[in-house]
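Dock chain one against chain two, each of which comes alone in its own frame, and use the hints as you go.
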Amino acid sequence: MSEVGKPHDRVDGRLKVTGTATYAAETPVANVAHAVIVSSAASHGTIKAVDTRAALAQPGVLAVLAVGAAPKLPDANKKNSPQDKILQLLQDDALHYPDQPVAVVVADTLERAQHAAMLVASQVTEEPVALEVPGGEAYKPEHAGPRGEPDTTRGDLAAGLAAAKFKVAATYRTPVHNHHPMELHATIAAWQGDKFLTVYDATQGIFNVRDRLATIFGLDKKNVRVIDKFVGGGFGSKGSPWSHVPLAAMAAKQVGRPVKLVVTRQQMCSLTGHRPVTVQELQLGCDEKGALTAIEHKVTSETCRFDEFVEPSAIQTRMIYSCPNVVTSHRLVKLDIATPTFTRAPGEATGTYALESAMDELAYAANIDPLAFRIKNYSTTDEQEKKPFSSKELMACYTKASEAFGWSKRKMAPRSQRDGNWLVGWGMATATYPARQMPASARVTIKADGTAVVQVGTQDLGTGTYTVMTQVAADELGIAFDRITFELGDTALPEAPLSAGSMTAATVGSAVKIACQKAKQELAMRGGKGEVTVEHHNEVSKDHDKFAMHSHGAVFVEVKVDEDLGLVRVSRVVGAYAGGQILNAKTARSQLLGGVVWSIGMALVEETVRDPKTGRVITRDLADYHVPVHADVPDIQIIMVDEKDPHVNEVGAKGLGEIGNTGASAAIASAVFHATGKRIRDLPIRLDKLLPDVHA
Amino acid sequence: MEPFGYIAAADEKMAIDEAPRGTFIAGGTNMVDYMRLGVIKPTTLIDVSRLPLTNIEAAGDGVKIGALVRNSDLAYHPLIQQKYPVLAEALLSGASPQIRNMATTGGNILQRTRCPYFRDMHYAQCNKRQPGSGCAAIGGFNRSHAVLGGSPACIATNPSDMNVAMAALDATVHVHGPSGERDIAFVDFHTLPGDHPEVETVLQPGELITYVTLPAVTGKQHYLKVRDRASFAFALASAAVVLDVQGGTIHGARVALGGVGTKPWRAKEAEAALVGQAPSPAVFAKAADAALAGAKGQPTNAFKIELAKRTLVRALTEVSK
Chain A
1 MSEVGKPHDR VDGRLKVTGT ATYAAETPVA NVAHAVIVSS AASHGTIKAV
51 DTRAALAQPG VLAVLAVGAA PKLPDANKKN SPQDKILQLL QDDALHYPDQ
101 PVAVVVADTL ERAQHAAMLV ASQVTEEPVA LEVPGGEAYK PEHAGPRGEP
151 DTTRGDLAAG LAAAKFKVAA TYRTPVHNHH PMELHATIAA WQGDKFLTVY
201 DATQGIFNVR DRLATIFGLD KKNVRVIDKF VGGGFGSKGS PWSHVPLAAM
251 AAKQVGRPVK LVVTRQQMCS LTGHRPVTVQ ELQLGCDEKG ALTAIEHKVT
301 SETCRFDEFV EPSAIQTRMI YSCPNVVTSH RLVKLDIATP TFTRAPGEAT
351 GTYALESAMD ELAYAANIDP LAFRIKNYST TDEQEKKPFS SKELMACYTK
401 ASEAFGWSKR KMAPRSQRDG NWLVGWGMAT ATYPARQMPA SARVTIKADG
451 TAVVQVGTQD LGTGTYTVMT QVAADELGIA FDRITFELGD TALPEAPLSA
501 GSMTAATVGS AVKIACQKAK QELAMRGGKG EVTVEHHNEV SKDHDKFAMH
551 SHGAVFVEVK VDEDLGLVRV SRVVGAYAGG QILNAKTARS QLLGGVVWSI
601 GMALVEETVR DPKTGRVITR DLADYHVPVH ADVPDIQIIM VDEKDPHVNE
651 VGAKGLGEIG NTGASAAIAS AVFHATGKRI RDLPIRLDKL LPDVHA
Chain B
697 MEPFGYIAAA DEKMAIDEAP RGTFIAGGTN MVDYMRLGVI KPTTLIDVSR
747 LPLTNIEAAG DGVKIGALVR NSDLAYHPLI QQKYPVLAEA LLSGASPQIR
797 NMATTGGNIL QRTRCPYFRD MHYAQCNKRQ PGSGCAAIGG FNRSHAVLGG
847 SPACIATNPS DMNVAMAALD ATVHVHGPSG ERDIAFVDFH TLPGDHPEVE
897 TVLQPGELIT YVTLPAVTGK QHYLKVRDRA SFAFALASAA VVLDVQGGTI
947 HGARVALGGV GTKPWRAKEA EAALVGQAPS PAVFAKAADA ALAGAKGQPT
997 NAFKIELAKR TLVRALTEVS K
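Read top to bottom, the protein sequences are chains A and B.
The opening residue of the first sequence carries number 1 in my numbering; numbering runs sequentially from there.
The opening residue of the second sequence carries number 697 in my numbering; numbering runs sequentially from there.
Just chain B, same shape as in the assembly (with noise of 0.2 Å):
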């Protein structure tokens, strides 16, 4: 690990101060481990977990949730049960719970891939690490690699379950920074990798997340993760879905992937194949197609284009019972 330096911020104001010289952690969870493989080099840790953004609470006909927010408190808490078990499954279904108590909603919405190439500084061959440098999971070992949204210069996964439900719920992200503060919407959050994978979301320098605001929502809910083992293993493919059908026809939509794309992965085509259709297996494979038809597989990740499909369906299937 690199040597660095520490400041406790006590208010906003001063963390949004500090920010030009280092880096923001919360609760560490995903930090901590990359500084130790030399992955990041933060040069100060400002750490803003003493930050009073630890509320969940109503919000219009919607939820207000704090960037402190455990996930573990999250997700059982009443209102996230009740109105939106879609990320309270999400939530669960990842890491364990010891990180689970540790982890913040607005360091989760930032979580880095877990592209193994990128992990391992031995490779000198990483396009995110080193811009310029190249792909080495690209004709490597991918099968944790994304199928949806890759580009020549990257592949990396973004593998964070809370995401794929924040991008079905149409979460707003509050972020605070030297120019004040401004909202934006969760599906513009996290950039395509393009030519530039070192850029991974809207944030300008010194900007910091304070809270996250999710619509009320109408429909079933749903988030089905599928993995290589039973529990504490990202996804290969995963869905996070709300249907709302009234009177046998389908009003309503709302369909993310996790584990294939490069970012939270809305999929919107899926929606619209979904929305004024009677539910049926027919019409689920359809938008099932629809949400994969941009999909590109590798060697080792080709598989996870159907797999992808058959979760998507099997998780609208479960909603329509």
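Isolated chain A, as found in the complex (with noise of 0.2 Å):
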């Protein structure tokens, strides 16, 4: 029987439950020395000066490095990939944000260190701060991330507004995220002699870190090894090497000795990115019997100064439904502020909440069924980029979904149902990702006392790679899965990308699959007999020229309201989601849970606060910002589609990592709508949004 579908355990779920999984910051590293970074108390301007005397003078520091007494590092500027941040390595007297590092202590100890970090005092020449994206200037980037171009037009969106019967025009806001990973960035560099640096980082992509390292410190790329071997989550945080990564190898050099460098959780909020603000204006319009004639969808999202990232909101809605008359654009307001990066579904996950809590609007407006709204509008192929899609299973996911929730016995008028002291409310969205696939390479070895031992430099984020792959290889090699290991997390085995973008099930899974078929193969010419060692490169399957090709999902959710007190409780979720193939139906589960108690979060507590005046930011810790605690989760029931797909890769898997994190924070706020009348069209849902004239 086929181990690939099976629920296995994770292989490293002992380990990890024990404690004994070693995480990037708990590596035993003869000698290490511990740097602390010092952040910026000021804002925005120019630094003047940085006092270390008195952190230098501190029992046990071993260096102060500062804005002004730093190493020169003239390409740490130097991008190897459009992903690549700039980054702040106490190079320049420029100051771009608040906690932006000044300067870095090292001790012999974390405490001493932490202690010498309080005495630095830095000298700031302060500027105004701008903050907000309504107001600002907004132009137009490049490219709408690293998947598309900003804008695009399908027909005509005036004639398609014209035409319409019923319209909906309205704005939504959402704010910024923090990832927020329960391991905190944290970096070791051991460097072995001049030429030579290894670092055990916490990462979704070690060859990146490898590659950006190298290119900083003017290395071999052969010369730097990155190990990592678990993760504890990165949500795209841990996607691009930050600052931290380049100063702990820069503070090592300078005291000799390898360094630990661990990033605080208050620091988290500005030196390892955060999803931006977006505000999107959505206009749709649609005939007398529900069917789409137009789409406009106009994202602005915030980005720095010195860096540009764009939250790519408006590129499902090109495809997701079918439409004569599309337009979609995205721009971008400059801000005194940290980096913003790709956050868990980048770009879908505010997207769908805009696009789907407008669909929700529309079909009132129109007077329809949510849920036969969308049936009515199903796209068959992808209109924008006029592509058939390689599998879609989504009218299956409305059907499971819907029939296992009781979607039918809904009244469509808002506060028709009560429980107490609550309204209850029903709501429902799309969830859509696309299906990724990068290049990998894989390196199987079958032994002669019939174990294997296969090893790819990819990651595991707790997602479960080590497990799944493990059953890959299993099914290929017909040796059984706890005769199988399976290595990663080692620049010193054969380059995979980074972990991101729901690709590693995908883009790994295919590469082990090829490379054990070969090593079987190889095997079987040697008359079976000894030992073989295959490496394969894998590239990305040509099909994905010439279909569109995504994961898709339908997520129905109850909410009760205590409207007296503006409290919201998602008390159901049912969610059916096709992804292709699923190579373990457990850890393919947790994925889709962990996304829609994302979405739990985006919905109704997540958000970044920025201090007014300076910009720092003022929810710091995991007590001021909110994520959802078990009290906050209900139950929620998953239902996996079959989908055959023939063309996405070898293995046919989508990938499922993000795709939770898609429509259910719409459907939240459609149910809330549906409880009580309102409309909040800006993110969280938090209670005093739902209390009628409270402001002052």
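Hints may contain errors.
Label-pair ranges, simulated between beta-carbon atoms [claimed, not checked]:
(1) A:367 to B:777: 49 to 55 Å
(2) B:701 to A:142: 55 to 61 Å
(3) A:142 to B:827: 49 to 55 Å
(4) A:412 to B:982: 35 to 41 Å
Taking lysine to any residue pairs in the SDA-like style, the calculated list, with each CA pair at most 20 Å apart, reads [said to hold, decoys possible]:
(5) B:1017 to A:564
(6) B:737 to A:119
(7) A:613 to B:835
(8) B:982 to A:565
(9) A:613 to B:848
(10) A:613 to B:817
(11) B:737 to A:121
(12) B:737 to A:118
(13) A:678 to A:689
(14) B:992 to A:688
(15) B:1017 to A:422
(16) A:689 to B:923
(17) B:992 to A:691
(18) A:613 to B:737
(19) A:689 to B:996
(20) A:689 to B:1001
(21) A:613 to A:126
(22) A:613 to B:996
(23) A:613 to B:818
No lab work stands behind these hints: they were computed from the structure.
Just so you know, even glycine gets a beta-carbon here, dropped at the ideal spot from N, CA and C.
Set out below in structure tokens:
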């Protein structure tokens, strides 16, 4: 029987629950010194002086690297890829954002470094800060993220709107989010002489870290080794190296010892990226029967002044529904903030919130059931790219999830259900996320004793990579699951891309599958005797040019709203998802559950708040930056819809890491409308937004 | 964190004798957090957690609670569950089980504010940390801040749930210091910020909280906490109420509010509006208006005035069912 698809427990589960899985910062490294970043108290301006004398005088302090006195790195800001960031490596006196590093203190113990860091004083000539998207000067970026034009036009929007019987126009806002993975960002850097560098780093892409460090320090890539065996979540924040990574290497070089640098939870609000604010203007029109005649989706998001990141919130709007007249655009406003970055379902999380909320509003304007309205506008091809879908079981998702939820019993009118003090509302939305793949290599060794080792320089973010790759290998090799070891997280292994974009299952799974087939053939050619090792480089499926490839889903939500107090509780969620071949039913479900929990957070509680005067993040820890706790998360029913896709890649998997974080926040907002009759177009839906007339 | 000394107090006398050298610590759930942030920098910690102040016992018609009784032990004690459910509810609505297992009664009375500007050392302006430096919260983001009892110097909220119930129950705080023992009415224990927000209680240097007593109370009790998520969050508004209704008339009422005051907020004006009346939505609304009559909102927390009124009305409605 096939191992692929089985709900295997994680092969690293025991290590994790017993605390013996070694995360980057826990790696035992002899003679390691401890570095602490000194963050700027001032927000924006010119750093005039950094006084390090008091810190240097403390016992155990080995070095203080500060603006004006740090080693020079001429290639500090040479990017290897568009995803790389402009870093703040103490090279100049420009202060761009609050908490920017102004110094790094290195000491023999962490406590001594922390104490000395508090004694570093910087003098800054401050300038005023701009912090708000509305009113800012918007410009058109060259690209909307790594995959697309900023603007698209299909058909004639004005004609489509003119032909519409029903129309809605609304503006939606989403706030700053921080990723806040459980595992803090951390780097241990150890030099072997001047030319060899070993780094243990909490990262989603060991090879990206290797390449950036090689560039910054002028090293041969082959002489930089990056290791990361376990990652405690990344969600995009660990997708490209931030300033602390080269700062650790710089400090280690300076003190001639290995150096460990852990970014604090508070610093992670500013030094390791965030999801930017979006302001999204939607205009939708449909005819008498509910067929869409026009969609306009205009996105404005924030970026920083010294670098650029686009939250591509309108990308899915180009293909998700059938509509002849569609206009999308992305604009940016530069603010005095740290650099935004990819955050779980970048674009789709915020974009589906706005689009699917507007779809609900139009369904109400046309008095059509929100599910019937989606089905009426079902797209059977990608009308923007003019390509067929490689597979699309969204209709089955609608059917199965709505039946499990009991949607047919829903009354259209808002405020039609009540349970004591609680108004009850039901909402639904479409979920979608692209199915991506990148090239990757894998090495397979079949040993004479009938065991096998499979090696790929990929990462396991906590998603289950170790486990699912073992399953793929077991099927291809015909070797028992527990006789195969999968190794990852080391640039000494065959190269694989960063773990992001929900593409690891497809990318690494396909490389592993073909490498295993080749190893088995090789062994057969040798008469099945001895040990064989085969390495295979796998390219992206050629069908990516011919087909549009996306995962899809449908999510149905029940909320209860205590109208007097403004309280919202999600009481039920049913989501059905089609993501091609499921490699492991248990880890796949966990990914989807986690995504839905993120959506609950996005809809109801998550917001990084900046001080209105200084721009300094107020919500600096997990007491103030609210994520859902267990009491906020109801029973979530996940339905996996069968989907066979012969085109998408060799394992047929589309990836499920991010789709759970699309659509569901709109379903919650629509359920709140159904419960109360109130549209909240500004996330999160906190209680004061539901209380009438309470603002001074 | 600043380097600090440590002394484990063997008995009350030793703790009080050593007091001039340092700062008492018990559960440490608040202090260790704030020491790590650099908000407080005690030169020496005097660990009182081993003192024998861990009993809960009946005292007359009321109860006596040792200062070192853990929040979780207090919340689940039969005497508290039976006679003071409002206190049990308040305790269990606060923090998480892990924190409640560490936090003590005396320590919780002294819990410092959660004002984010107080907790972020990068702000030079905080009159609590540095008297005379100003207040960054006024004009800043002050969703968590007080609408009652604030001053131009400080609008920081007292964050404790337990304290709200203690205020409603007319607790008495017993302290032992260099000049002997004394009793302080709970409602007088915390001070308003005024011009001196750095002073938060009437405790004198070297005084140690040893126990708390609660008098007998009559009436139905309830603690209602409203916050931004279902658990593990500080109150935006909360209400501790005790309502004694006899023959359709309110004979006695005790009302205290949390999340909205610079100290645990006993609302005597609300009580006066309730006593002698028949319970009704109109009477409750009048009491809520009376409780918040002196409230002053900031741009990002003015909603709490209305929210606190609704919270109080809901709590009164629940106990009058």
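Okay, the hints, checked on the actual structure:
no.	hint	verdict
1	A:367 to B:777: 49 to 55 Å	holds, 53 Å
2	B:701 to A:142: 55 to 61 Å	holds, 59 Å
3	A:142 to B:827: 49 to 55 Å	holds, 53 Å
4	A:412 to B:982: 35 to 41 Å	holds, 39 Å
5	B:1017 to A:564	holds, 18 Å
6	B:737 to A:119	holds, 13 Å
7	A:613 to B:835	holds, 8 Å
8	B:982 to A:565	holds, 18 Å
9	A:613 to B:848	holds, 18 Å
10	A:613 to B:817	holds, 16 Å
11	B:737 to A:121	holds, 18 Å
12	B:737 to A:118	holds, 12 Å
13	A:678 to A:689	holds, 9 Å
14	B:992 to A:688	holds, 17 Å
15	B:1017 to A:422	holds, 17 Å
16	A:689 to B:923	holds, 13 Å
17	B:992 to A:691	holds, 18 Å
18	A:613 to B:737	violated, 28 Å
19	A:689 to B:996	holds, 12 Å
20	A:689 to B:1001	holds, 14 Å
21	A:613 to A:126	holds, 12 Å
22	A:613 to B:996	holds, 14 Å
23	A:613 to B:818	holds, 14 Å
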